[in-house]
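Please take these sequences and the hints and turn them into a complete structure.
There are 6 protein chains.
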Amino acid sequence: MTKRLERGSTEINKLCPGGDQAVLKGLGKTAPDLANYVLEFIFGDLYHRDGLELKTKQMLTVTILATLGNAKPQLAYHINCALNIGISRSEIIDIMTHIAGYAGFPAALNGVNTAKEVFAARDEKVLDKENETTKE
Amino acid sequence: MTKRLERGSTEINKLCPGGDQAVLKGLGKTAPDLANYVLEFIFGDLYHRDGLELKTKQMLTVTILATLGNAKPQLAYHINCALNIGISRSEIIDIMTHIAGYAGFPAALNGVNTAKEVFAARDEKVLDKENETTKE
Amino acid sequence: MTKRLERGSTEINKLCPGGDQAVLKGLGKTAPDLANYVLEFIFGDLYHRDGLELKTKQMLTVTILATLGNAKPQLAYHINCALNIGISRSEIIDIMTHIAGYAGFPAALNGVNTAKEVFAARDEKVLDKENETTKE
Amino acid sequence: MTKRLERGSTEINKLCPGGDQAVLKGLGKTAPDLANYVLEFIFGDLYHRDGLELKTKQMLTVTILATLGNAKPQLAYHINCALNIGISRSEIIDIMTHIAGYAGFPAALNGVNTAKEVFAARDEKVLDKENETTKE
Amino acid sequence: MTKRLERGSTEINKLCPGGDQAVLKGLGKTAPDLANYVLEFIFGDLYHRDGLELKTKQMLTVTILATLGNAKPQLAYHINCALNIGISRSEIIDIMTHIAGYAGFPAALNGVNTAKEVFAARDEKVLDKENETTKE
Amino acid sequence: MTKRLERGSTEINKLCPGGDQAVLKGLGKTAPDLANYVLEFIFGDLYHRDGLELKTKQMLTVTILATLGNAKPQLAYHINCALNIGISRSEIIDIMTHIAGYAGFPAALNGVNTAKEVFAARDEKVLDKENETTKE
Chain A
1 MTKRLERGST EINKLCPGGD QAVLKGLGKT APDLANYVLE FIFGDLYHRD GLELKTKQML
61 TVTILATLGN AKPQLAYHIN CALNIGISRS EIIDIMTHIA GYAGFPAALN GVNTAKEVFA
121 ARDEKVLDKE NETTKE
Chain B
1 MTKRLERGST EINKLCPGGD QAVLKGLGKT APDLANYVLE FIFGDLYHRD GLELKTKQML
61 TVTILATLGN AKPQLAYHIN CALNIGISRS EIIDIMTHIA GYAGFPAALN GVNTAKEVFA
121 ARDEKVLDKE NETTKE
Chain C
1 MTKRLERGST EINKLCPGGD QAVLKGLGKT APDLANYVLE FIFGDLYHRD GLELKTKQML
61 TVTILATLGN AKPQLAYHIN CALNIGISRS EIIDIMTHIA GYAGFPAALN GVNTAKEVFA
121 ARDEKVLDKE NETTKE
Chain D
1 MTKRLERGST EINKLCPGGD QAVLKGLGKT APDLANYVLE FIFGDLYHRD GLELKTKQML
61 TVTILATLGN AKPQLAYHIN CALNIGISRS EIIDIMTHIA GYAGFPAALN GVNTAKEVFA
121 ARDEKVLDKE NETTKE
Chain E
1 MTKRLERGST EINKLCPGGD QAVLKGLGKT APDLANYVLE FIFGDLYHRD GLELKTKQML
61 TVTILATLGN AKPQLAYHIN CALNIGISRS EIIDIMTHIA GYAGFPAALN GVNTAKEVFA
121 ARDEKVLDKE NETTKE
Chain F
1 MTKRLERGST EINKLCPGGD QAVLKGLGKT APDLANYVLE FIFGDLYHRD GLELKTKQML
61 TVTILATLGN AKPQLAYHIN CALNIGISRS EIIDIMTHIA GYAGFPAALN GVNTAKEVFA
121 ARDEKVLDKE NETTKE
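Residue numbers (the numbering used here), protein chains in the order written: chain A, 1 to 136; chain B, 1 to 136; chain C, 1 to 136; chain D, 1 to 136; chain E, 1 to 136; chain F, 1 to 136.
A pair holds if it fits inside one copy or across any two, identical chains being indistinguishable in the list.
Taking lysine-lysine pairs in the BS3-like style, the calculated list, with each CA pair at most 27 Å apart, reads:
(1) Lys14 to Lys55
(2) Lys29 to Lys129
(3) Lys116 to Lys72
(4) Lys125 to Lys55
(5) Lys29 to Lys116
(6) Lys25 to Lys72
(7) Lys55 to Lys29
(8) Lys116 to Lys129
(9) Lys29 to Lys72
(10) Lys14 to Lys129
(11) Lys57 to Lys14
Hints are computed from structural coordinates only; laboratory data are not their basis.
This is how it looks when you write it as structure tokens:
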């Protein structure tokens with residue numbers, strides 16, 4: 001394991017526990033080099049850099065992905081990460097609302113829809129856990 | 001003057017003194033409705049909203065414009081505004097660097113080039129002022 | 001209710017009966033400000049403006065959304081609105097065909113596919129109504 | 001000369017007198033096939049099709065190019081064509097204003113800027129002609 | 001049948017046996033002119049041109065579609081065509097990996113995902129055929 | 001100097017002699033991390049990978065940049081690199097022509113225009129050298 005890969009694993013796991021293994025197992029089978037670049041460059045270089053705080057970086061990532069408008073799986077992933085590190089649901093909606101003016105309403109509306117799906121999936125998980133606890 | 005136009009004028013002038021008059025005189029002659037929407041919707045609605053701090057909003061605006069990649073005049077304008085409210089030059093470069101991973105290197109490199117032009121124009125203004133002072 | 005919201009409700013309901021309530025109930029729960037901006041700015045300002053006729057505006061909206069290429073839900077919505085106000089199915093296909101030259105064939109082909117889905121959904125609704133009538 | 005090339009020449013010359021020769025001489029030297037496709041496919045096929053009127057087609061072309069946001073020379077060309085066939089300056093500005101909601105304000109603002117440059121160039125030509133007449 | 005349509009049919013059938021009939025039956029019912037342009041212009045003109053070899057053209061098509069990022073059905077279709085004419089699966093993944101640097105990681109990752117779906121569908125077809133043979 | 005930076009320098013210099021120093025001196029002053037990533041990731045990783053030949057990679061890079069449509073400085077740079085390693089001028093024009101079908105005519109036309117500028121600058125350099133020789 002290179003030093004950058006190690007660094008990248010540490011950074012992605014802060015955003016999403018077990019994130020490094022998910023990348024290596026999912027993407028790694030089909031596109032091993034690309035999987036390494038995700039961990040080494042995106043997380044080991046960009047997320048490891050000084051200068052911007054983690055929360056700021058994560059807000060930027062969500063903003064870029066919603067602006068691109070054709071990166072739904074990545075946007076859902078990073079909204080989830082954002083919530084994991086303490087960015088609130090209403091801040092996610094604030095980002096999408098701000099985007100309306102610059103990238104147009106469709107980008108904003110599709111961003112809100114992706115956020116709603118992520119919120120609902122998280123609520124369901126919590127419900128499932130509560131149900132499990134209740135059953136015991 | 002509507003209340004939203006007034007609110008928008010206040011908000012844009014925080015980012016760029018005299019910004020409201022510049023919009024109304026520049027754009028307003030050719031496209032008066034669009035000029036009003038810039039002040040009313042972008043600044044009177046979006047920038048006036050609660051939720052995200054001004055600095056955060058301005059970082060998002062710069063990020064969206066650099067991601068779009070075809071909004072150079074607006075990007076230069078908003079980098080200038082960002083510097084006016086205390087976002088540092090190195091933070092602007094940090095934003096562009098982060099963009100490289102998600103929107104690709106060309107968007108990042110063109111963002112840096114626009115930033116360099118804004119930085120140089122500001123340095124020149126300062127130099128001009130210093131020269132004026134020296135002459136006296 | 002602000003005057004612009006009222007105006008926006010009137011405009012959206014011309015395109016799609018009950019459209020204002022759909023926006024407020026659907027989007028309004030998650031992103032209330034964005035829902036208001038949709039009604040106030042998109043419909044209360046842009047659709048309420050003089051200058052272009054409603055049919056022309058609606059053809060432009062369909063054209064923009066098909067050109068963007070990543071706004072499928074909005075494109076389907078506005079194709080439906082276009083048909084509601086008397087733009088014909090063949091005019092929708094003419095728009096997509098014209099787009100092929102400027103935004104490329106994929107944008108045109110995906111626009112046709114979205115149109116086909118809207119056409120089919122409308123045919124089904126008509127069939128359902130006919131069946132109901134027959135049953136009586 | 002193929003039949004489609006002939007048809008395309010007729011169509012482009014309606015929009016811009018001498019347009020066919022401009023394409024063949026300008027683009028034709030470097031990219032002869034592409035020059036032919038412009039005349040044959042864009043003008044001989046798309047502009048020759050029935051279904052939408054010429055003015056409508058031209059409004060769509062202007063809308064698509066302003067939405068794309070990175071097609072400035074083509075946008076300027078087609079705004080000029082639009083004015084040649086009787087679309088008014090204020091209709092061009094109305095199109096750009098409508099675009100703000102769907103493709104974002106930067107696309108709209110850059111569209112207005114391109115329009116302003118086209119308007120100014122046309123005004124200058126008229127002035128030049130008037131001056132010539134005065135001199136005689 | 002025009003000469004270009006015939007030529008286009010020959011070219012598309014090299015990439016995908018029966019491709020011409022699929023276009024005419026699928027797209028042709030809703031958008032007959034656009035279906036003709038696909039065969040005549042894309043395949044009869046562009047794919048019939050000299051200059052670049054078929055394999056090179058097909059790699060370019062896959063590259064353009066993955067870069068656009070909002071052309072999934074077309075990308076899946078052309079990855080299939082690429083494999084049909086002897087471009088390897090690992091070359092497809094190499095293309096997507098190269099794209100990461102220029103169009104950003106989301107475009108690359110979504111390209112890999114589409115490729116995976118195409119690969120899986122082809123594997124299933126082979127399995128189905130083997131099962132049929134075993135049953136006999 | 002890291003191993004990847006060294007590798008990247010070797011790769012970029014194959015495409016453009018002295019390319020590494022140009023990146024470090026130009027971009028490196030304003031955005032040192034981004035300059036390193038260009039050399040390390042784009043050239044040290046992507047261009048150093050096995051799988052696709054250098055000429056193929058370079059054709060893909062030109063294709064991606066012309067498709068993006070808002071990366072003119074990078075497109076000019078990489079057309080120059082392409083010519084340096086033996087890709088012909090007519091192959092560059094073939095790429096742009098192919099792009100017309102998938103990314104639309106504006107992307108193709110702007111790609112041809114950038115290519116023309118690169119061709120002219122190279123012709124001028126050759127002329128300058130010939131003039132110098134004649135003077136002696």
